[in-house]
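Here the structure of chain F is known, so what remains is to put chain V in place on it, guided by the hints.
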Amino acid sequence: MTDKRLFFVTGKGGVGKTLTSFALAAKLKEVSHKKVFINGFDQSVDSELAKELGIEVLDLPLIDSTIEYISRKIKSKTLANWVMKTSFFKALFNMVPSLGNMITFGHLIDLLEDNDEWIVVVDAPSSGHILTVLESPQNFKNIFKTGALVKDIDRMLKFIDSRLMEVWVLSIPTELAIVEGKELYDKVKARGVSHIKWILNNSFSANDAITSEQLPDFLSRKAQSEDELTKSTINEYDLVVPMHIDKNSKSIIKHIKDKISTILD
Amino acid sequence: MTMKEKLKKVEIFCGTGGVGKTTISASRALHLAKNHKVLLITIDPSKRLKQVLGINEDSSGELNKLSVESAGDNSPSGSLECLLLSPKKSFERLIGTENKNDIIDTLSKPYGGMNEIAAIIELHHWYTLNQHDVIILDTPPGHHFIDFLEATKKINAFFDKTFADIFIHLGKEEGGKGFISKLINTGIDKLLNLLEKVTGESFVGEFTNAVHILYRNREKFVEAINIDKILLSDDQSSWYLVSSLDQLKSKDAEKMLSSINKFREGDSFLVVNKSWYKHLKDWSPETTIQKSLKEKLTNAEKEILAISNDNNVSMIRFPEVFSESPTEQVNELVQSWQTI
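As they're listed, the protein sequences go chains F and V. If you count the first sequence from 1, you need to add 28 to reach our numbering. If you count the second sequence from 1, you need to add 3 to reach our numbering.
No lab work stands behind these hints: they were computed from the structure. Note that this is a predicted model, so its numbers are computed, not measured. Don't be surprised by glycine CBs; every beta carbon is placed ideally from N, CA and C. Please note that a few of the clues may not be correct.
Some chain F residues judged to face chain V by a derived CB distance under 10 angstroms, without partners named [as the list claims (entries may be wrong)]:
#: 1; residue: S126
#: 2; residue: N129
#: 3; residue: L159
#: 4; residue: N167
#: 5; residue: F168
#: 6; residue: N170
#: 7; residue: T174
#: 8; residue: G175
#: 9; residue: L177
#: 10; residue: V207
#: 11; residue: I238
#: 12; residue: E241
#: 13; residue: D245
#: 14; residue: L247
#: 15; residue: Q252
#: 16; residue: S253
Cut-off 25 angstroms, straight-line C-alpha distance, at most; resulting in silico cross-link-like pairs (PhoX-like, lysine-lysine) [unchecked claim]:
#: 17; chain 1: F; residue 1: K173; chain 2: V; residue 2: K112
#: 18; chain 1: F; residue 1: K186; chain 2: V; residue 2: K200
#: 19; chain 1: F; residue 1: K118; chain 2: V; residue 2: K156
#: 20; chain 1: V; residue 1: K103; chain 2: F; residue 2: K173
#: 21; chain 1: V; residue 1: K265; chain 2: F; residue 2: K118
#: 22; chain 1: F; residue 1: K186; chain 2: F; residue 2: K169
#: 23; chain 1: V; residue 1: K281; chain 2: F; residue 2: K275
#: 24; chain 1: F; residue 1: K173; chain 2: V; residue 2: K200
#: 25; chain 1: F; residue 1: K282; chain 2: V; residue 2: K297
#: 26; chain 1: F; residue 1: K186; chain 2: V; residue 2: K112
#: 27; chain 1: V; residue 1: K297; chain 2: F; residue 2: K275
#: 28; chain 1: F; residue 1: K275; chain 2: V; residue 2: K258
#: 29; chain 1: F; residue 1: K287; chain 2: V; residue 2: K299
#: 30; chain 1: V; residue 1: K112; chain 2: F; residue 2: K210
#: 31; chain 1: V; residue 1: K294; chain 2: F; residue 2: K278
#: 32; chain 1: F; residue 1: K217; chain 2: V; residue 2: K112
#: 33; chain 1: F; residue 1: K225; chain 2: F; residue 2: K278
#: 34; chain 1: V; residue 1: K305; chain 2: F; residue 2: K275
#: 35; chain 1: F; residue 1: K278; chain 2: V; residue 2: K258
#: 36; chain 1: F; residue 1: K173; chain 2: V; residue 2: K91
#: 37; chain 1: V; residue 1: K12; chain 2: V; residue 2: K265
#: 38; chain 1: F; residue 1: K259; chain 2: V; residue 2: K277
#: 39; chain 1: V; residue 1: K284; chain 2: F; residue 2: K275
#: 40; chain 1: F; residue 1: K62; chain 2: F; residue 2: K282
Extracted from the complex, chain F is given alone in its bound form (with noise of 0.2 angstroms):
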């Protein structure tokens, strides 16, 4: 059973964050006694979907997020609501979009370290933004310099570090994707994270029940790229999912679920 606490699936545009964010939110859920919560970082999560799988889901709006943190910080909620209110700050949230990153951030390791029971899923941004994300709280560091912050961020640095904390990297078999994949998992790395997995999933030449099949050309003629594509790195993923032949998201969530448990440590 696994002690990581926080999982960030991340990955190019495309490449099945949310289905297979919802995918290992269900099967933590099945894996482990504790509360697990999905959560789309600064994007809202299907609810809809959470209910029908069973998943809570941890909403957490950059603006509540942001009054709640400075509350805490200068020790008064109606002083809080009076900063984020004043247009000024308003506008710099606007102008400065990774500074809520990082107290979105910061608010979710603050969640967990306050409830030993939690585990959280963040269907999380795709690629270059996610880096901004994960690059925010050394920046501000370096903007802070000194004070209560900088004692917060190193917080967040640690638990970035920490065995608490893994990214999931998907990619999917096209060429960009791939490389694009790597040069993620190398840049998260890079940012000092130490738990990543990479993860090759729709991988339509990996499905046996269809390459079996006598396929028109165009099909074969992608088979057979993909395999071209992926040669080079097949060794390096830590799971490949096969393409799975249904539109209903369910059932994909279900076929990924299976997959996934081989790489839960």
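Same frame as chain F, now just chain V:
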């Protein structure tokens, strides 16, 4: 299709990422560059364009000239220049290099989160210089394509009158002292005191300094957001929403199309990359697995077509290119633009 109409000065390519947006916009640039002077700007943080077009990342923030084959024998008029966006260089051009500030430096790093704003600054800069027939902008991927639509609003809000008044006289003053005293007079000192409790003293100093630098250059920022008029104008710009069939979720497409329609009226195109519709039409599956596979793939195509029809957006399909190298892919796509 309306694409035969006159060339717009600005073409914006946006999309959900991982769909070949960079490749499609690069191919569009190469296609137009046969007969026109083209500038391609990319703000994709992963800088994949360098991979696709073989340009050097060290040159970010500067124009790279590319060799283009001309269309026909007697049209040497076209050219293509590429710009990898560097928020640092964009800000430096606006506020100069003499104003050193840690906050501005940190935030304008490639992953600092200021890409959309830097893109607006660059777009405005090159549009105003008027050295190109057309500027093609490859925007950042993801849900954050909406961020790009809102970038000008953000700049505007930051320099909004409600608190701009506090800073408005500061441009006339030298150094930071007058600035601080002005802040104290306006009651913002209370705010800063609170901030100091949370962030520490050195930050507040650096922060007021950053605001000071930005406000001294307020006019330049405010001028840059005039590009909004171009982005909204049907005469001046077209928008391409790029998606690919292997990754397009109809929900995303729906969201994208409705937000673009709210933002502007005028030419918008839904570009569907890696489309298989021609192949699928010709395929007669025999076994159950084959049939369900064809159904799955065909339904995906149908859903997208329905959404673009519902939103009054023309759809352009690019067939999947089975090729190893990104360069070959771009070349194949250039061919496709010609036939549209």
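Consistency of the hints with the structure:
{"no.": "1", "hint": "S126", "verdict": "4 angstroms, holds"}
{"no.": "2", "hint": "N129", "verdict": "7 angstroms, holds"}
{"no.": "3", "hint": "L159", "verdict": "5 angstroms, holds"}
{"no.": "4", "hint": "N167", "verdict": "5 angstroms, holds"}
{"no.": "5", "hint": "F168", "verdict": "8 angstroms, holds"}
{"no.": "6", "hint": "N170", "verdict": "6 angstroms, holds"}
{"no.": "7", "hint": "T174", "verdict": "4 angstroms, holds"}
{"no.": "8", "hint": "G175", "verdict": "2 angstroms, holds"}
{"no.": "9", "hint": "L177", "verdict": "5 angstroms, holds"}
{"no.": "10", "hint": "V207", "verdict": "7 angstroms, holds"}
{"no.": "11", "hint": "I238", "verdict": "6 angstroms, holds"}
{"no.": "12", "hint": "E241", "verdict": "6 angstroms, holds"}
{"no.": "13", "hint": "D245", "verdict": "8 angstroms, holds"}
{"no.": "14", "hint": "L247", "verdict": "8 angstroms, holds"}
{"no.": "15", "hint": "Q252", "verdict": "8 angstroms, holds"}
{"no.": "16", "hint": "S253", "verdict": "5 angstroms, holds"}
{"no.": "17", "hint": "F:K173 to V:K112", "verdict": "18 angstroms, holds"}
{"no.": "18", "hint": "F:K186 to V:K200", "verdict": "23 angstroms, holds"}
{"no.": "19", "hint": "F:K118 to V:K156", "verdict": "12 angstroms, holds"}
{"no.": "20", "hint": "V:K103 to F:K173", "verdict": "16 angstroms, holds"}
{"no.": "21", "hint": "V:K265 to F:K118", "verdict": "23 angstroms, holds"}
{"no.": "22", "hint": "F:K186 to F:K169", "verdict": "13 angstroms, holds"}
{"no.": "23", "hint": "V:K281 to F:K275", "verdict": "21 angstroms, holds"}
{"no.": "24", "hint": "F:K173 to V:K200", "verdict": "13 angstroms, holds"}
{"no.": "25", "hint": "F:K282 to V:K297", "verdict": "22 angstroms, holds"}
{"no.": "26", "hint": "F:K186 to V:K112", "verdict": "23 angstroms, holds"}
{"no.": "27", "hint": "V:K297 to F:K275", "verdict": "12 angstroms, holds"}
{"no.": "28", "hint": "F:K275 to V:K258", "verdict": "20 angstroms, holds"}
{"no.": "29", "hint": "F:K287 to V:K299", "verdict": "22 angstroms, holds"}
{"no.": "30", "hint": "V:K112 to F:K210", "verdict": "22 angstroms, holds"}
{"no.": "31", "hint": "V:K294 to F:K278", "verdict": "21 angstroms, holds"}
{"no.": "32", "hint": "F:K217 to V:K112", "verdict": "19 angstroms, holds"}
{"no.": "33", "hint": "F:K225 to F:K278", "verdict": "23 angstroms, holds"}
{"no.": "34", "hint": "V:K305 to F:K275", "verdict": "13 angstroms, holds"}
{"no.": "35", "hint": "F:K278 to V:K258", "verdict": "22 angstroms, holds"}
{"no.": "36", "hint": "F:K173 to V:K91", "verdict": "21 angstroms, holds"}
{"no.": "37", "hint": "V:K12 to V:K265", "verdict": "22 angstroms, holds"}
{"no.": "38", "hint": "F:K259 to V:K277", "verdict": "22 angstroms, holds"}
{"no.": "39", "hint": "V:K284 to F:K275", "verdict": "20 angstroms, holds"}
{"no.": "40", "hint": "F:K62 to F:K282", "verdict": "20 angstroms, holds"}
When the structure is compared with the earlier hints, no violation turns up for any of them.
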